[in-house]
Each structure stands twice: as C-alpha cells, then as structure tokens.
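Peer 1: Following the hints, position chain F against chain R.
This is what each chain is made of:
Number of protein chains: 2
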Amino acid sequence: MKQSQIFIPTLKEIPSDAEAKSHQLMLRGGFIRQVSAGIYAYLPLAVRVLHNIEQIVREEMEQIDAIEMLAPAILPGELWQESGRYATYGDNLFKLKDRHERNFILGPTHEETLTYLIRDQLNSYKKMPKILYQIQAKYRDEDRPRYGLLRGREFIMKDGYSFSANQAQLDDAFNKMEQAYTNIFNRCALDYRVILGDSGDMGGNASKEFSAVAEIGEDTIVYSDSSDYAANLEMAQSIIQPNPQETAQPLQTVATPHTPTVESVAAFLKVTPKQVIKSRAYVVDEQPVLVLIRGDSEVNETKLKNVLNAQQDVQMATDEQVESMFHSVAGFMGPFDLPETVKIVADSSLKGLCNGVTGANQKDLHWQNVNLERDLHLSDQDFVDVRTVQPGELSPDHQGSLQFTRGIEIGHIFKLGTRYSETLKATFLDENGRQQPVIMGSYGIGISRLLSAIVEQHCDDAGIIWPWQLAPYQVHVVIINTKDEDQVQLASEVEASLQNAGFSVLVDDRSERPGVKFAEADLIGSPVRITVGKKASDKILEIKLRNQTDSVEVNENDLIDSMKILLKNY
Amino acid sequence: MKQSQIFIPTLKEIPSDAEAKSHQLMLRGGFIRQVSAGIYAYLPLAVRVLHNIEQIVREEMEQIDAIEMLAPAILPGELWQESGRYATYGDNLFKLKDRHERNFILGPTHEETLTYLIRDQLNSYKKMPKILYQIQAKYRDEDRPRYGLLRGREFIMKDGYSFSANQAQLDDAFNKMEQAYTNIFNRCALDYRVILGDSGDMGGNASKEFSAVAEIGEDTIVYSDSSDYAANLEMAQSIIQPNPQETAQPLQTVATPHTPTVESVAAFLKVTPKQVIKSRAYVVDEQPVLVLIRGDSEVNETKLKNVLNAQQDVQMATDEQVESMFHSVAGFMGPFDLPETVKIVADSSLKGLCNGVTGANQKDLHWQNVNLERDLHLSDQDFVDVRTVQPGELSPDHQGSLQFTRGIEIGHIFKLGTRYSETLKATFLDENGRQQPVIMGSYGIGISRLLSAIVEQHCDDAGIIWPWQLAPYQVHVVIINTKDEDQVQLASEVEASLQNAGFSVLVDDRSERPGVKFAEADLIGSPVRITVGKKASDKILEIKLRNQTDSVEVNENDLIDSMKILLKNY
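Line order of the protein sequences matches chains R and F. Numbering-wise (this note's numbering), the first sequence opens with residue 1 and increments by one. Numbering-wise (this note's numbering), the second sequence opens with residue 1 and increments by one.
This is chain R alone, in the form it adopts within the complex (with noise of 0.2 Å):
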C-alpha cells in the first residue's frame, strides 16, 4: 500500500483532551477521530488492526466450536422489558421510538435477543450444548465517555452465549471459552491477569473477568507476587488474623477523654491500632447492622452486600442514624448493650483477637479486655469476610505477598445460569421428558477497547510498537528521496520481495522530508522500518525494529533472510 493512497491524518500536537496514552497516540497517529463524545470513526490503520484482532478471534472460536451469528443492534423495547431490564438497566441504555411509536433500544448486550432466536429451537436436550458468538457494534450511553476507546458510547464487542442441558454442560463451556480468551489475549501479547468477577447486573452467578495492566485502569486489580491468585478490589479475600495471643483480662470500661478515633484511643490506651475494633454503623436494606472491623482495616461494602444478601447498596448510617437506630453515639460505637433490632456483623480479622478495646456507646467511654468470642458469644462461623485487602499481606492461597495495580477489563465470562430462559420463557426437555429451562453462559470482549489496551502497554515516548501479529503493516518502507529513481526502483523491488513472503508493507513515497517521514513511522509504530535512501544504487536498504535504536544495513538480496533474524528480537 502506497502512503500517498491510504489515508492517514496525522496530528502533530497532543490532543488537550485526550487523557490516555493510548487516546493520544491513536489521535496522532491517524488511527482513529472523535465523530461525538464517545463515538469514533475507525480510519484506515486501525481497521486493519481491528481485523487482525477479529481474525484471532474467529479462529480461537473455531478451536472451542463456537458459531458465529449477527444479531441486530437495534432491539424491540418488548424484548428488554421480558427479561425486566428495560427499567433496570438505567441511563445507560439508549432508547428511541420507531415512526408508529414502538420503543427500541441499542443493545448493549445481547442475551436477550439471543434467548428469544433460540426458544422454540432449543427445545430438547439433544440439541444442546450450543455457543453461538458475533462481532458487532454495541452501544452504552455513558454518562462521563472518557479514555478514547476505553470507555465509548459506540464500541466493537465479541459477544458470545452458551446453551447447555446440564451444569457439566455450562462448566465445559465456561472452562472451553476461559482457555479461548486465555489463548486470544496471548496471541494479542497483552499482560493480564484473570480475576474473579463481580458479576454486576448480568444476574449471573460465577465469573472471571480478565483486565489488561495498565495504569489508565478503572479498576483495582490485586495479585500475588507468587502465583496465579488475581482479583477485582472488591471481591480480594482477606485472610489476616490477630498476632499471638495474650492471657484474656475482664472486661471493663474505661475513661477516654477526647479519643473519637482509632488512632486517638489507641495512643491514650498504649496499644496498637490492631487491637483497636474499630465500629462502623451501616443501614442495610433499612436495618441497622453493625460491623466490627480492626482498627486499621476498611469495610469493603460490596463484600458486605454480597455477605448480608442485601437487596440494596448498603448505606453508612448518618449521625442521626447512628443515634437513633444505634442508641450511640459517633467515635464511640461499640457492640455492647445496642438494641435488639442491630445486627452485628464481625470480620474475619477479629477472629481470635484477645484483649481488644471497643466504643462503650457513649461519649469518652470505651471497653477494655474485648473478647469477641467470649464477651459476645460469637462462635468461629459468625466471623466473615467484609474487609478491603491492603498491598503487602498474605495472599489468600498463602503463597506470596498480595500487590496492587490498575486494570482495564478486556474480557468476562459469566454463568448465568437460568437468569434469562426463566424470565424469557426458554425451555427443553430433558432426558426424562421434563421441561426445564435451558442453562446459559455468556462471554464477552470488548474487541475496540483491546485496542486501546494494547496500545497502553506497547508504547514509548516516539508512539505505538505494535505487536508483530496485530500491526497495521508489518514493515514500512520510506523512501528518502521520491525523486531519485534507484530509490523509487528499490522500494518497489522490496515491497513486492516482502509481500510475497507474506508480509503487510506500507510504503511512504510522499515528498515529505525524511524528518517527518521518520517520525510519523514511529508513531505509527510498524514493527519494521526499512529505509531506502542515498545507497539505493548499490542496492542497500537500512533495517530498524521498531523496538530498538540501533539499524543495520543489508543488501536488497538478504534483505528477508536478514528480517527473519532480527524479528527474533522483536
């Protein structure tokens, strides 16, 4: 492909609005353009990009007998109000009216409609497993669009659904479709770790999200430096116990003057803020719970709601909550003599903990020589996990250390489960001729975010380094001097030597000066430059990866032999 046929708008200032590295890098580059807030036009680069992402894609879902299938985008309102989620799903979603009236959405997903195409089909256990997959344009009408790509309104997405008899079924599916993302997020060289997930509103009931490192990350990945353990802040174990324990003293009460916090109490009492049981009054579906924590712990309130089965986000009880729900009274809150309607809820990391110190519930007063166990009747069972894991403690499966980063959640796979063909009326007969309904999984990645995720981690200061597999063009001749015909010649010669060993060349035969040209192939970031300049008449070209400073001359007969060495270092 010749540059000067292509299209590539290259900017040469920093866009001011564009936050990510791999925003601004696409925006340079020429590989993508804002149409409006969170909707983009694809320019020439990043559709060849987008392709070859697709075509690992098929060719890992061919591997695990996937089929592929295209659903429409826009979707009867009808459809979405069966499965209850034209009211739930919110601001998000985009609704519009037809001429006569009739309501439709933009899918932002797809397991309804593909619940509604299979019903009357899947109709016996014989026909089932099934996965049925399509790439196709999705649609979220996000409040805050930010990051380019990374969160759109418009986005490309693989979306994928199983169908099973049985729960075997829907485990060797889910199991096939984690080691075909394991193997597509591979092949695109991304680093990644798979997490547990939060199932959020898919109304599934198993998970594994899988997030791309990156600083530019929305969520919150904690890993162990020792093994595979990865997951989402909010779902992280914590498994933290108490020190060695000392001989338990009586309980009393103490005076406390001016120590409404932790750190207060504990230096007025000579203790550790981890002897510390730190209370904290939450309403919870409208009743009042109170959590014991350590004192230089946080409560981690998706645990909580999960813990408690609670219907709504669980609230922090305001002052006059905690006074007239709690009988209490702020920076003194403890468990001891609270009414009957407060339900208590102790963390894990209390367990075992001999001689703490707790609010007394009332100003200045606090509880010495806390014994949970003792002093509250609670046995092991009654300690759960409702605590935020911090950098450096034990990861749960006790090999190494847990760490922190920032991810950018490339791909999720869920067991949903019954969720959709219950409410969608799906159903089959089983091998004993009863009808149930049929067991679902869906499997999601967010083909246009990859995009942006790979970027994020092959980038330096001069633009992208594409992944050999995934670039644009693989190699970019410039050519010095379009006016020097031996030049011309050559980079004609070596485009169609290239080719032919299977490569995508671009080549730059623009009257640019050799400044620009250089600068603009860095930031496009084709793995391979080959520069065809002043000694093209003895016919030799200059080599440079992409990856590295240093070029090397070949002469135009050893030119692929020469390529096929140095890629070894790309």
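What the hints contain is simulated information worked out from the structure, not anything from laboratory work. Fair warning: this is a prediction, and the values are worked out from it, not measured in the lab. In this text, a Cβ means the ideal position worked out from N, Cα and C, and glycines have one as well. Some hints here could point you the wrong way.
[To be verified] Not the full set, but computed from the structure, chain F residues with beta-carbon under 7 Å of chain R:
#, residue
1, GLN5
2, LEU43
3, GLU68
4, PRO72
5, GLY77
Peer 2: Just chain F now, with coordinates in the frame of chain R:
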C-alpha cells in the same frame, strides 16, 4: 462443521407473512430470523454467505485502491443539520436523544460523516484523489418493511466515497467503481442491468444503478433485447416518431358529441389513436402546464418534472383547476385559445405529426388537421421527451426493441459533485492556491439485500441453489445411518479430504430420517451433496449436484477428481 453443532433452525411450513421467494427460503432454511418488523438476525449459515460476499467486495475494492475504514452508526444530529438532511430526510430517519438530550440519528448513509472526517485533512489537491469505503449496518425507518432482507430497517451496506480535486478525477473514480461493481455482481452470479438512475435525494448530478432482475423487484427496468441499453422506466428515453406524413389540411373545428376519451374521438373521426393529440393538464410549482402527447401514450411525470426543473413533484390538475386555471373542460382540452399563463409542453412523439386532432376547450368540440409546427409555431427544439416508453418499441440506441422487467436495486453509484463539501465546508487548495470545494462521489452496495437478490435468482421449489463461490458450505455430506460405524468413519475421511482440497464442508451427523436430511440439504442449497450410505463398507459414495437430478457413485479415492469434473456443469 458438524450439523449437530451449528445452529440451523429450519421450518417445515412456509411462513404465511413471507411474500418473496427469497424471504420464504431464508426463513425455512434457518438463515435468518425476524427480531422485529424489518429487523433480522443473520443466523450462522447467512453469516457465512455474508462473509463470502464481503470478501469479494473487499478484493474488488482493493483492486481500485479503495481503502477500508469504519465510521460510527450513531451520528450527531448537528452533522445532518449542517447538510440540511436532518429536516428533509423525513420519517425514514431513526432519531434519538442521548441522556443529555442531544440529538442523534442512526445513519442511513454517510456522506456527511465522511465529509466531516476528511475536511481540514484533504486540504490540498496533492492529497487527492482518495476513495474510502466501509461495510456496516445502516438504518432506515421504513414505513412498510417487507420481503425480508429486501426492504429492511437495519441492513448491511458497503458504502464508499471518493474525494477528487477535479472532474477528471471524479470521472475516473466513478468509472473504476462501475468496473468494480460489475466484477462484484458477476462474481456473485447475478443477472443484472446497469441502468441510468434517478439520483433521488442524494443531491448528485449523474448516477447509475445496478438492478438485479427479479419478479419481486420494486422497480421496472426497461432494456433493449439487442444491446446494453437499460434504464429505469422513469428515465428510459422515448424516440418514437409519427409515420410518413400526409398532406397538411386546413385547421378546422368539428363537432364531436359524447367523445371525452381518445378512443371515442378517434372512432368518431375515423382516425387512429396515434393521430389524436392528447392534452394533459398539470400544476407544476403552482403554474398551469398543458402537456401534449400522442393519444396512445402516457405522460411520465418524473421526466416532466426534470424537463421543467420543477421544485416540487408535478400534480395533475383537478377538474376545478382545469376550469379555473385553463378555462377548459375535462375531456376536451387542447392547446388553442388558452389563457396566456398556461405553459404548453409538447412531447417529441408529436414532432412532424400531420393532421392531428385536439380538444377545443369546449364540450363536444375538437380541432381537426392540427399541425403543431404550423399552428402553434413550434420548432424542433420545442419538442421534449416526457413520454413513458412501452414494451416493444425501438430502443433509444436504435438497436433492438425495448423489453420490461422488474428489478431489485443492488448497487448505486453517484457523482455527487460539491453538494456536501459546500454545505459542510470541505475545501482544498488547488494548483493555483485557490480554495475549492472537494468534488465527491458516493457508491453503495446493499450487502444484505444481495443475499435476497441472489436467492431470488438461484432457487427452485425445493430450496436454494447457491452459486459455488457464495455457498455457506460448498459440500453437504449426508450420513444415512449415524449408528453405522463404517458410514461415520467414511464421512469423516471424506470431510478431511474435501477440506484438504479447499472445500467448505457441512456434515449431517444428526439422527434424523434420510428423507428429512435430503429435504433439508436441498433447502439449504449446498452445490454438492455427498451421500454416505450402505455402500460405505465398500468406500462407495454418491455425489449429486444441487442443480441436477442425477447422481453418480464414486469410490472414495476418486472423490476429488470426480467432483472437479462434475463441477464443470454447475
């Protein structure tokens, strides 16, 4: 691919609401499913055909250096307000608002978007010509979606746009695109005509339409039986002339009681209807226009509108308007003694007509021996073509006679000129440093509609007969008894050797009755069916082409060679 794994939900009954053959067959064959009126899911077999078509399109676009990109489908309303089409496109435009109440549309076509993307970029004649294209879902809120994929509300288009610095570059892009489209439709095995199109609301000044011959088509195509001439009925040129002339007689009135029709006055005066000069009263942009045309012919209102450069569609005058604006009476209108405000338009079929008959603008009165040139002082140039051609008459290129057929619009190429670059202010500096609007072309193919057009032309009562290069699977291997290990084993060997030979293969491994399998194989329409039955133990197979009734038996070892010979007849 095993048939037990793919998803092909065939239907036994003809869907009652499907009128078109292609719609019926694609529903029955499990290719498509309706999700809402005019909105379809492409099931796995259809996606494979779509991909085959898209591959052909991409190859032919690459041949003419057209570059692929991908614009968003959801577009800001402001862009369409800038071009003026937000208001003029009418109810066919899907409109919606985002959560911040900003206006968006779902793109039915992308002239505005592409103009927006290239403006400020293609800012010099040196950066042109360029051709960009995309393959993407498009949206039209049709009032009456019908015929399956033929008139849908979400459909897949290849839309391309050329950007040129001068007319010669536009002509070149247009001609290249016409050649590419010809190649594409030939490779899709379509019987089509290239016709002079009406550019409709695209705002262009020259266009050609590619129309696939099919009874279900919504357009009437006129074509010569002896040349390449073809046109839409609205555009087909009329060149009929009066027969050799008599001697002109003096103009005179004649009483003609009860003769308000051409037939009745011709009978009464003992002339042929061709001698009668029929007068038709129109109101064009609020002005009265009398159209004179040969008695056996009809006025073509599209031609009339074009001839008069009318802003609005032309309207037949009502009886009241005939009286008030023309001072005449229905059934007896004529060109003499009219108010001066009435414009007279004479069709070229009347040029040289000798001794014709016209109404005299009074009940039961006509003029005889009318010679328009003499009596109305008309010269040759005053005669214009406003007549609808009729089957059997001379083709305008004087080669052969005109035939009528119905057609499906499958492609359309437009010379847009500066319609969009002027309104959206996309300008460039020409060789002389002068700012000029970019000269554009627009080129569309209805990819999903092609599916329907191909099926309309390639089917029989039993089902679809796919062209070889488009078939979802080229070979359908049917195992008669899946419990017979010899058969299963042989089918597996056959599948492997066919795939090695480069064929796509579907293996019917289901435990259905042979009759069901054969019927579904015919319905799905793979070009070749290979039956593995009782003679499997002797490695004998049966090969049958979908478009023939006979089958042949071959040994497994001769399979590939036999297929190559047989396929010459496909």
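Peer 1: Run every hint past the structure and note whether it holds.
Peer 2: Do the hints match the structure? See the list:
At its closest, the beta carbon of F:GLN5 sits 5 Å from a beta carbon of chain R; the interface hint therefore holds under the 7 Å criterion. Annotation: interface hint on F:LEU43 holds; nearest CB of chain R at approximately 5 Å, less than 7 Å. For F:GLU68, the suggested interface contact is upheld, since its CB lies about 5 Å from the closest CB of chain R, less than 7 Å. Because the smallest distance between the Cβ of F:PRO72 and any Cβ of chain R comes to about 5 Å, under 7 Å, the interface hint for this residue holds.
A distance limit of 7 Å between C-beta atoms decides the matter here; for F:GLY77 the minimum to chain R is near 9 Å, and the interface restraint is violated.
When held up to the earlier numbered hints, the structure conflicts with hint 5 and nothing else.
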